[in-house]
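**Q** Residue numbers (our numbering), protein chains in the order written: chain A, 1 to 100; chain B, 1001 to 1205.
One should not assume that every hint holds.
Listed next, the stretches of chain B that the computed footprint assigns to chain A, with coverage defined by at least 3 CB atoms under 8 Å from CB atoms of chain A [what the hints assert, rightly or not]:
#1 1064-1073
#2 1076-1090
Computed footprint of chain B on chain A; a stretch qualifies when at least three of its residues, placed anywhere within it, have a C-beta under 8 Å from a C-beta of chain B [unchecked claim]:
#3 10-21
#4 33-44
#5 47-53
#6 82-88
Not the full set, but computed from the structure, chain A residues with beta-carbon under 7 Å of chain B [said to hold, decoys possible]:
#7 I29
#8 A60
#9 A61
Rather than coming from a laboratory, the hints here were simulated on the basis of the structure.
Since the model is a prediction, treat every value here as computed from it, not as a measurement.
Every residue, glycine too, gets a C-beta built ideally from N, C-alpha and C.
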Amino acid sequence: MGHAHGYVFDAQARAYCPSTLAIGSLVAITPAIPVAARSLLLFVALIAWTGTVIWSTTSAARLAGGSLRRDYATGATLLGVVELPWRWWQAQLEMIRVLG
Amino acid sequence: MAVVASTARDDSRPRLTAPHSPGTSTGDSISTTPRPSLAMVASTAPSIYAGAPVDYHVGPAWLAGATERVLGRGVYAVSFGLVPLLGILCTAIAILHVLSVHGIPYRLAAAATAVADDVAGAAQHSAWAVTTVSQEAWMGGVMSGHFRRHDAQCQLRPCGRPGEPGAAFRPPLAWLAGCPGSGGARESGRTEAASSLWAWACSWG
Chain A
1 MGHAHGYVFD AQARAYCPST LAIGSLVAIT PAIPVAARSL LLFVALIAWT
51 GTVIWSTTSA ARLAGGSLRR DYATGATLLG VVELPWRWWQ AQLEMIRVLG
Chain B
1001 MAVVASTARD DSRPRLTAPH SPGTSTGDSI STTPRPSLAM VASTAPSIYA
1051 GAPVDYHVGP AWLAGATERV LGRGVYAVSF GLVPLLGILC TAIAILHVLS
1101 VHGIPYRLAA AATAVADDVA GAAQHSAWAV TTVSQEAWMG GVMSGHFRRH
1151 DAQCQLRPCG RPGEPGAAFR PPLAWLAGCP GSGGARESGR TEAASSLWAW
1201 ACSWG
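Produce the complete structure using the sequences and hints provided.
**A** Encoded structure:
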């Protein structure tokens, strides 16, 4: 298993999963939430999701840091570093293209 | 109960349009403040922003609408910036997580994730991104009314003049085209670069 390679996500790094599921579920039932509380609830959920994902990413990056100093992993790391802004860029442009 | 932001057109797909009147939210609509509303833009400048259907999950629209109602701003930042960024982060971590749980060494998992995201789509996205970036730069310039200065050079029609509703909608990447007030290329003194980008955008148009 992955454990044999000395790498596994800890609870902090895995926090992205329940938080994402939670906000996804909340958005799914949003129409059923009373209007008076809907916006505030969604806003708080968005803040909580943002914080959790950042917290989780921080841990994942820290765990990954020690494993990325050899052979092709360096290239993979560079690709990954490029990937995040690149994908964000693509997502934004795609939405602009669709909306425009 | 339909999960839509607004259904002003002929289909039932969700749309990112704000209601015409503030504070008239129904159980199914997202109410935002009326300032530079997308509905206003859609009604006055259909060639620029015609209230096109939102072809992605309506969740970002809900979250953006909630942010707008609570903070009075943030629709575009949430829709185009925060939610996509968080989604990408979650996707990347999830792929690594799944691969590592199934015994894939982290280095190989990282390489697979990076290659899958970067290389496989490169052939498609490179050409697409170049043209789309160009279009975005052009759109940002046009919507700000700033592009008129380059009409003669680029053979583009002017629209969205300053002060008109069409100019109120500023795409998140408007700074790339140096739109006024965006702190972009023009305001930072990189006028030549912005002009070159516009000219380049036109060549792709």
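**Q** All the hints need checking, so say for each whether the structure fits it.
**A** Hints versus structure:
With 6 residues having a beta carbon nearer than 8 Å to a beta carbon of chain A, the segment 1064-1073 of chain B meets the requirement of three or more and the stated coverage holds. For the segment 1076-1090 of chain B, the stated coverage by chain A is satisfied: 12 residues place a CB nearer than 8 Å to a CB of that chain, which reaches the threshold of 3. Residue count for the segment 10-21 of chain A with a Cβ under 8 Å from a Cβ of chain B: 5. That meets the three needed, and the coverage hint holds. With 7 residues bearing a CB less than 8 Å from a CB of chain B, the segment 33-44 of chain A meets the requirement of three and the coverage assertion stands.
With a cut-off of 8 Å between beta carbons, the segment 47-53 of chain A has 3 residues touching chain B; three or more are needed, and the interface restraint holds. Only residues whose C-beta sits within less than 8 Å of a C-beta in chain B count toward coverage, and the segment 82-88 of chain A has 6 of them, enough to reach three; the restraint holds. Residue-level restraint check for I29 (chain A) is violated (minimum Cβ-Cβ distance to chain B is 9 Å; threshold 7 Å). The criterion of a C-beta within 7 Å of any C-beta in chain B is met by A60 (chain A), whose closest approach is roughly 5 Å, and the hint holds.
A hinted interface residue such as A61 (chain A) counts as satisfied when its beta carbon comes closer than 7 Å to some beta carbon of chain B; here the least separation is about 9 Å, so the hint is violated.
Of the hints listed earlier, those the structure fails to meet are numbers 7 and 9, in rising order.
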